[in-house]
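For chain A, the structure is supplied; the task is to place chain B on it using the hints.
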Amino acid sequence: NAGVTQTPKFQVLKTGQSMTLQCAQDMNHNSMYWYRQDPGMGLRLIYYSASEGTTDKGEVPNGYNVSRLNKREFSLRLESAAPSQTSVYFCASSEPRELFFGEGSRLTVL
Amino acid sequence: EDQVTQSPEALRLQEGESSSLNCSYTVSGLRGLFWYRQDPGKGPEFLFTLYSAGEEKEKERLKATLTKKESFLHITAPKPEDSATYLCAVLSNYQLIWGAGTKLIIKP
Chain A
1 NAGVTQTPKF
11 QVLKTGQSMT
21 LQCAQDMNHN
31 SMYWYRQDPG
41 MGLRLIYYSA
51 SEGTTDKGEV
61 PNGYNVSRLN
71 KREFSLRLES
81 AAPSQTSVYF
91 CASSEPRELF
101 FGEGSRLTVL
Chain B
1 EDQVTQSPEA
11 LRLQEGESSS
21 LNCSYTVSGL
31 RGLFWYRQDP
41 GKGPEFLFTL
51 YSAGEEKEKE
61 RLKATLTKKE
71 SFLHITAPKP
81 EDSATYLCAV
91 LSNYQLIWGA
101 GTKLIIKP
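Protein chains in written order, with this note's numbering: chain A, 1 to 110; chain B, 1 to 108.
A portion of the hints provided could be inaccurate.
[What the hints assert, rightly or not] Lysine to aspartate or glutamate pairs mimicking EDC-like chemistry, simulated, CA-CA at most 20 Å apart:
no. : chain 1 : residue 1 : chain 2 : residue 2
1   : B       : K42       : B       : E81
2   : B       : K42       : B       : E9
3   : B       : K59       : B       : E15
4   : A       : K57       : B       : D2
5   : B       : K69       : B       : D2
6   : B       : K79       : B       : E17
7   : B       : K42       : A       : E98
8   : B       : K59       : B       : E45
9   : A       : K57       : A       : E73
10  : B       : K79       : B       : D39
11  : B       : K63       : B       : E81
12  : B       : K42       : A       : D26
13  : B       : K59       : A       : E98
14  : A       : K57       : A       : D38
15  : B       : K68       : B       : E55
16  : B       : K42       : A       : E52
17  : B       : K57       : A       : E98
18  : A       : K9        : A       : D26
19  : B       : K69       : B       : E55
20  : B       : K103      : A       : D38
21  : B       : K63       : A       : E98
22  : A       : K9        : B       : D39
23  : B       : K79       : B       : E58
24  : B       : K42       : A       : E79
25  : B       : K103      : A       : E103
26  : A       : K9        : A       : E98
27  : A       : K9        : B       : E45
28  : B       : K103      : B       : E81
29  : B       : K103      : B       : E45
30  : B       : K63       : B       : E17
31  : B       : K68       : B       : E1
What the hints contain is simulated information worked out from the structure, not anything from laboratory work. Predicted model only: the values in this text are computed from it and were never measured.
Next up, chain B with everything else stripped away, as it sits in the complex:
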């Protein structure tokens, strides 16, 4: 069964404290892995797409990486405005499967 699992469910960091969020997946035929950011009361907003193992994408303090079994969203020196829920989604052969998300809180 295709499955996407995100960990941890919630992560509290001090401003400037770097860390990583994990998205592990088991799917038949990976066609793409997506990261989205969701602010409270808003819809998800697209961040990155990764297509193959070894690929990396960067945007400001965020860097996404992909292996054959998981993806990491690394956040370097985060700021309070990086606080949000980060969602991972995997496109298998015919469907898009979403993880439950990691809620990231950055304390000043």
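Isolated chain A, as found in the complex:
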């Protein structure tokens, strides 16, 4: 039982490049989330998906897009990366009142 799997674990981009972070869960959860974690700050919600076929903006959506491909998969895309997007990104899925997180994707934008 893998839980929440994120790829890649590490990525270095140049300003203006694009990339997609992949996330898959095998717990049959309806809700999935993308967070970013920066030093000295709490986790901040980028986008979430309450169910297959729906997505909604979180606290910091600018510069990102998401796709809920099916119940298992929720991807995060950076169309034109900026240094301010250097961060650790976490995907999560949830049962009511409990989040299950992936191991994170560390992204550096030069």
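Chain B only, in chain A's frame:
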């Protein structure tokens, strides 16, 4: 404005030295308070949920308590394997707000 503040930012203890971590909050309509543990290079892992003032939850050497303004995570006789960052999150009427965490280091 809804806000969650954790203190201290970092705490160094000797093995066996008990202490408490604090999570204070100001939110409109508390629907739940959550504690998570995060190891370096890993995602947060769920520990507890508290719903109302006076509630307590325990797990091994950890006990979480809740009042109307704050929550404490008490750690009794900690071991080096308890070293981690502990995150607090509060569910208000419509959003989950995270604190910045307390980094706990237990020295043998």
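Taking the earlier hints as the rules, which of them does this structure contradict? 16, 24, 26
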